[in-house]
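Colleague: Listed below, chain by chain, are the residues.
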Amino acid sequence: MVKFLGAVLVVGSSGVIGMVVAWGYSERPRQLSELVSGFTLLETEISYAKTPLSEALMRARGQKGSVAGRIFETASHMIASGDQSPGQAWETAVRCAYSVSALTSEDRDALLAFGANLGSCSSTNQLRHIALVRERLRANEMKARDKASETARMWRYLGLTVGAMIALMLY
Amino acid sequence: MSNEPLGGKPVADVIVDEVLPCLPPGLRGAIAGLPKEQLDRVHEIRLRTWRPVMLMAGDDEIHPSPPYVFTDDDALITLQLIACGSLYAFEDDLRQGYITIRGGHRVGLVGRVVLFDGGVSTLRDISGFCIRVAHEVLGAADNVMKYLVKPPRRLYHTLIISPPRCGKTTLLRDVARQASDGVPSLNFQGVRVGIADERSEIAACYRGVPQTTCGIRTDVLDACPKAEGMIMLIRSMSPDVVITDEIGREEDALAIREVMCAGVSLVATAHGGSLEEVARRPALKCLFEGDMFERAVILSQAHGPGTIEAILDGGTGKTIIVGPLR
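Chains A and B are the protein sequences, given in the same order.
For the first sequence, position 133 (counting from the first letter as 1) is numbered 133 according to the working numbering, and the numbering increases by one without interruption.
Position in the second sequence (from 1) plus 1000 gives the number in the working numbering.
For the record, the hints were derived by calculation from the structure and aren't laboratory data.
Some clues are possibly wrong.
[Claimed, not checked] Label-pair distances were calculated between CB atoms; the ranges are: (1) Leu-132(A) x Glu-1228(B): 34 to 44 Å; (2) His-77(A) x Pro-1184(B): 22 to 32 Å; (3) Asp-83(A) x Pro-1066(B): 17 to 27 Å; (4) Val-1113(B) x Asp-83(A): 51 to 61 Å; (5) Arg-1280(B) x Ala-113(A): 55 to 65 Å; (6) Ser-47(A) x Arg-1165(B): 19 to 29 Å; (7) Leu-1115(B) x Gln-88(A): 28 to 38 Å; (8) Lys-50(A) x Pro-1025(B): 55 to 65 Å; (9) Ala-139(A) x Ser-1236(B): 37 to 47 Å; (10) His-77(A) x Glu-1228(B): 29 to 39 Å; (11) Arg-145(A) x Arg-1051(B): 32 to 42 Å; (12) Arg-1165(B) x Leu-132(A): 45 to 55 Å.
These figures come from a predicted structure and were not determined experimentally.
No residue lacks a Cβ here, since even glycine has one placed at the ideal position from N, Cα and C.
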């Protein structure tokens, strides 16, 4: 009975690990897609109304609690407080959200590069920077989507299979 | 007449609450440390890189003690704070050389001009700031309103003339307020007022909201070229009175003719020492050929800003009152 319970635990935990890794792969394209939407909204705010940055970021933040929402909202508050330059505020916001997101270092670097000229150039250049980061994120999203469809399924099965194998070996 | 800053707050409080948040932290402390009675007299703060910070109170200069030397890092931080970290949102203002901050205070800027196609594209390497603390003088027009009101519900077409720094805009702002709110002592009910505020000086709008008391029936078209603004106001807001500042270009004169011929009263200001001087300006000449202005108010500095030298009847050229009067 104890052996059986142990085997169930091993298979279950191994399956959960597989699911978590698979979630990371399917979550990343979704988070990237939210970021791309956020940058599109930000572009509209800047090109049409020339809304100041803290307000524009707040309006473009999209769903509260999402990674994009968290980055945009944190940066907006920090810029409004005036304690940090827009570039520094953006960097802090990206680093904070990165640790709890499914984004990779490649995505993080694209986001950090965007902050370098944030708020310190003309609207034409600001829009160019937005277009650039959006393109990079969109390319990352496409790659992540392709990878996710194959890899996420594989990790789900792999978790269960490895768990079953360990259980058999121990039984 | 009460000489007070916006919202009736003492100047020292206005500086601490609205101007200091736009300055680098070190400088905030240096200015906040000045005696309150000194700060209450301040109307300008001058910041120039690698030179001491000065506060202007009338003709006096006030220096923080110990002197605070404004560095180029301070200039960068100040620009960032003034522009709310969004230079792109103030491109047009930079081209004009000033940014209006919360509270309606105007920050003049100098630096290196970038040209594009022969015109000013933007300013870079900003090295100097002149922060003009916004004041409004409620009641500045008390002495002139009775000469400008045309019973029962109109204002005469009026031109306020003076050299710079004589209180033209202050007087104009109060004329707008009194025309909008009404003047019970003259049995004049308030009328709809439209302000074409090209340089954000009359209503001092910050994000679209007037920071000055410019009347309850007043609509402001902010940062719009005044010639276009006057016509847009007539089309969109059907004002009884159109107010605008510092006319001087040919297109301004054409727009003014349109306004006057549309049955709308017009009150404007122009730089000049006398009616004759303004009438000789080539762009404005046409406005004086048909005696279009019915009143001309001449200001001077004789007894301080806002001194009324004379009010003339534009049609006959006769003097209605002669100053100096304050």
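Colleague: It remains to establish, for every hint, whether it holds in the given structure.
Modeller: Now the hints, each set against the structure:
no., hint, in the structure
1, Leu-132(A) x Glu-1228(B): 34 to 44 Å, "35 Å, holds"
2, His-77(A) x Pro-1184(B): 22 to 32 Å, "47 Å, violated"
3, Asp-83(A) x Pro-1066(B): 17 to 27 Å, "26 Å, holds"
4, Val-1113(B) x Asp-83(A): 51 to 61 Å, "31 Å, violated"
5, Arg-1280(B) x Ala-113(A): 55 to 65 Å, "59 Å, holds"
6, Ser-47(A) x Arg-1165(B): 19 to 29 Å, "39 Å, violated"
7, Leu-1115(B) x Gln-88(A): 28 to 38 Å, "32 Å, holds"
8, Lys-50(A) x Pro-1025(B): 55 to 65 Å, "28 Å, violated"
9, Ala-139(A) x Ser-1236(B): 37 to 47 Å, "46 Å, holds"
10, His-77(A) x Glu-1228(B): 29 to 39 Å, "38 Å, holds"
11, Arg-145(A) x Arg-1051(B): 32 to 42 Å, "58 Å, violated"
12, Arg-1165(B) x Leu-132(A): 45 to 55 Å, "48 Å, holds"
Hint compliance for this structure: hints 2, 4, 6, 8, 11 are broken, all remaining hints hold.
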